[in-house]
Amino acid sequence: QVQLVESGGGLVQAGGSLRLSCAASGNTFRINAMGWYRQVPGKERELVAGISVGGSTNYADSVKGRFTISRDNAKNTVDLQMNSLKPEDTAVYYCNAELRLPRSQVWGQGTQVTVSS
Numbered sequence: 368q369v370q371l372v373e374s375g376g377g378l379v380q381a382g383g384s385l386r387l388s389c390a391a392s393g394n395t396f397r398i399n400a401m402g403w404y405r406q407v408p409g410k411e412r413e414l415v416a417g418i419s420v421g422g423s424t425n426y427a428d429s430v431k432g433r434f435t436i437s438r439d440n441a442k443n444t445v446d447l448q449m450n451s452l453k454p455e456d457t458a459v460y461y462c463n464a465e466l467r468l469p470r471s472q473v474w475g476q477g478t479q480v481t482v483s484s
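In terms of the numbering used here, the sequence shown is residues 368 to 484.
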């Protein structure tokens, strides 16, 4: 089993910054790519940013240049630095890990990010 625990959400004014952190525990040797997703009520969960074991990253167009994803494989953590936040970034943010042996995925419990205008 692999467990993910997020932290760092909260309320911030537009233009501000937040940093989300996700810590993995359990059978962490199974973890491949990790990422951050977000979801607002009535909409599907969407990928915000992903990062491979080797550090390759990908971002949603809406956050490119504002958000940065990073991971520490030794500590089994993945962070999301969010700058220049906009009200449309308001959502519940979820940490995700793709697992191997066997292939599956695991989600964190989610953390609320609210950006006020």
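It is possible that some hints are incorrect.
Stated by the list, open to error - With a straight-line cut-off of 30 Å between C-alpha atoms, the simulated DSSO-like cross-links for lysine-lysine are:
| no. | residue 1 | residue 2 |
| --- | --- | --- |
| 1 | 442 | 431 |
| 2 | 431 | 410 |
| 3 | 453 | 410 |
| 4 | 431 | 453 |
What the hints assert, rightly or not - Using C-beta positions, here's what the derived DEER-type ranges look like:
| no. | residue 1 | residue 2 | range |
| --- | --- | --- | --- |
| 5 | 382 | 420 | 29 to 39 Å |
| 6 | 448 | 421 | 11 to 21 Å |
| 7 | 383 | 431 | 14 to 24 Å |
| 8 | 469 | 384 | 22 to 32 Å |
| 9 | 388 | 472 | 37 to 47 Å |
| 10 | 381 | 469 | 16 to 26 Å |
| 11 | 472 | 407 | 19 to 29 Å |
| 12 | 468 | 383 | 33 to 43 Å |
It should be emphasised that the hints constitute simulated quantities derived from the structure, not laboratory data. We put the CB at the ideal spot given by N, CA and C, even for glycine.
Comparing the hints with the structure gives:
no., hint, result
1, 442 with 431, "holds, 26 Å"
2, 431 with 410, "holds, 21 Å"
3, 453 with 410, "holds, 18 Å"
4, 431 with 453, "holds, 13 Å"
5, 382 with 420: 29 to 39 Å, "holds, 34 Å"
6, 448 with 421: 11 to 21 Å, "holds, 20 Å"
7, 383 with 431: 14 to 24 Å, "holds, 19 Å"
8, 469 with 384: 22 to 32 Å, "violated, 38 Å"
9, 388 with 472: 37 to 47 Å, "violated, 19 Å"
10, 381 with 469: 16 to 26 Å, "violated, 43 Å"
11, 472 with 407: 19 to 29 Å, "holds, 21 Å"
12, 468 with 383: 33 to 43 Å, "holds, 40 Å"
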